[in-house]
Amino acid sequence: MVRAIVGANWGDEGKGKITDMLAKESDIIIRFQGGSNAGHTIINDYGKFALHLLPSGVFYQHTTSIIGNGVALNIPYLVKEIQSLVDRGVPKPHILVSDRAQILMPYHVLFDTYEEERLAGKSFGSTKSGIAPFYSDKYAKIGFQVSELFDEALLKEKAERVCVQKNVLLEHLYHKPLLDPEEIYKELLSYRDMVEPYVCDVSAYLADAIREGKKILLEGQLGSLKDPDHGIYPMVTSSSTLAAYGAIGAGIPPYEIKDITAVVKAYSSAVGAGDFVSEIFGDEAEELRHRGGDGGEYGATTGRPRRVGWFDAVATRYGCRVQGATEAAFTVLDVLGYLDEIPVCIGYEIDGQVTRDFPTTPKLNKAKPVYTKLPGWKCDIRGIRKYEDLPENCRKYIEFVEKEIEVPIAMVSNGPGRDDIIIRK
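Residue numbers for the sequence shown follow the working numbering, beginning at 1 and rising by one.
Everything labelled a hint here was simulated from the structure, so no lab data went into it. Ideal placement from N, C-alpha and C gives every residue a C-beta, glycine not left out. Misleading hints may appear alongside valid ones.
[What the hints assert, rightly or not] DSS-like, lysine-lysine: derived pairs with alpha carbons at most 25 Å apart:
| id | residue 1 | residue 2 |
| --- | --- | --- |
| 1 | K138 | K128 |
| 2 | K80 | K48 |
| 3 | K156 | K186 |
| 4 | K186 | K158 |
| 5 | K158 | K24 |
| 6 | K425 | K215 |
| 7 | K156 | K176 |
| 8 | K176 | K141 |
| 9 | K92 | K128 |
| 10 | K366 | K122 |
| 11 | K366 | K378 |
| 12 | K214 | K258 |
| 13 | K186 | K138 |
| 14 | K176 | K158 |
| 15 | K24 | K92 |
| 16 | K396 | K366 |
| 17 | K403 | K425 |
| 18 | K403 | K386 |
[Stated by the list, open to error] Derived Cβ-Cβ restraints for the label pairs, each shown as a range:
| id | residue 1 | residue 2 | range |
| --- | --- | --- | --- |
| 19 | P234 | F150 | 32 to 42 Å |
| 20 | G121 | A207 | 44 to 54 Å |
| 21 | L178 | N365 | 32 to 42 Å |
| 22 | F150 | D283 | 55 to 65 Å |
| 23 | H290 | P375 | 16 to 26 Å |
| 24 | P228 | A207 | 24 to 34 Å |
| 25 | D229 | I142 | 15 to 25 Å |
| 26 | E388 | Y338 | 18 to 28 Å |
| 27 | I142 | Y205 | 41 to 51 Å |
| 28 | R385 | R88 | 43 to 53 Å |
| 29 | D229 | S84 | 29 to 39 Å |
| 30 | E388 | H62 | 30 to 40 Å |
| 31 | I142 | P197 | 20 to 30 Å |
| 32 | R88 | P305 | 18 to 28 Å |
Whenever a hint applies, use it, and build me the whole structure from the sequences.
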């Protein structure tokens with residue numbers, strides 16, 4: 001049985017905690033896209049962790065954690081992340097890396113930084129982790145696949161070929177130091193030694209696991225609105241953030257994905273640039289940001305203050321639809337306990353017309369939020385484990401959101417801890 005856990009919005013919905021919780025009942029957890037450019041925050045008995053490349057199942061001894069072929073694999077980063085867990089007393093996780101995954105190179109990070117510098121005020125708000133240059137190279141067929149690390153002649157020839165192309169840009173567009181093919185080749189050999197213990201034909205491994213009835217969890221990074229096809233293009237990431245891509249990025253048949261859990265936040269937040277209709281500013285935003293998440297709304301990877309706003313039903317309904325969500329997990333609900341009333345964006349006004357449909361980017365930047373207000377519950381709901389024990393106004397808020405997003409809310413997270421969860425049938 002395969003379940004995907006994905007974000008319904010801009011990322012930062014609290015997927016790490018939900019994945020960590022569901023990983024407990026799983027055998028295999030797979031990262032299927034993205035790289036170390038975004039993180040998942042997890043709080044458990046070992047402490048508080050921000051994971052970037054590793055799947056959220058690494059804290060359990062009975063699970064296998066897999067880096068799928070769709071991931072931007074930063075090999076030194078992976079090795080460092082595994083070691084950082086062990087250094088903090090976590091038993092060494094069982095990890096497999098797809099032999100078809102592609103390698104994020106140091107020059108991808110350089111190109112990302114140089115391009116953001118060149119674009120200046122018109123930049124895409126990149127985390128400068130090398131993600132866009134990495135995926136550009138993958139699709140231009142000049143990326144390095146893990147399997148190629150084990151063929152030295154091929155590697156040497158390819159390093160020379162890639163450097164010719166990169167050096168033209170470095171010299172004439174960016175006016176930066178050139179790449180040395182010999183250095184790139186040596187770097188790749190060192191990566192081979194680091195990753196060799198983990199390399200596996202993941203697609204074959206998963207075919208066997210499915211046959212044996214193993215429970216498999218696909219873990220997405222970011223959310224629907226950062227998808228390059230269906231998101232707020234061009235302020236998007238460079239790999240598909242949708243559950244459908246989980247089949248491709250992990251190497252399994254699409255019909256095996258039976259359940260799709262879209263993680264939905266009780267208010268909105270986003271890191272980076274791009275249109276965000278229900279965004280709030282000033283003291284109101286600072287109050288929500290300060291109370292939000294665990295330790296406030298700051299990026300797990302970048303530390304950047306997240307942009308925050310009220311719940312956006314238009315964006316979330318669309319996000320759940322493109323994910324094909326079969327259920328929703330509603331997170332950080334406890335944060336809203338300080339409000340007398342809670343605004344919810346239920347429509348967009350564009351050129352004088354109100355719509356409930358999420359538009360394309362050129363129309364999105366003209367959209368103004370249409371709000372309705374719901375009464376707050378004015379108390380702390382942490383520690384509550386039964387849905388019926390929640391205050392009436394809190395239940396009304398959940399049920400209003402559920403109706404708006406047109407997906408059943410199966411789980412409600414009311415605190416940062418692993419057990420702060422209400423299962424709602």
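Problem set entry | Violations among the numbered hints, reported as their numbers in ascending order | 5, 9, 11, 16, 27 and 28
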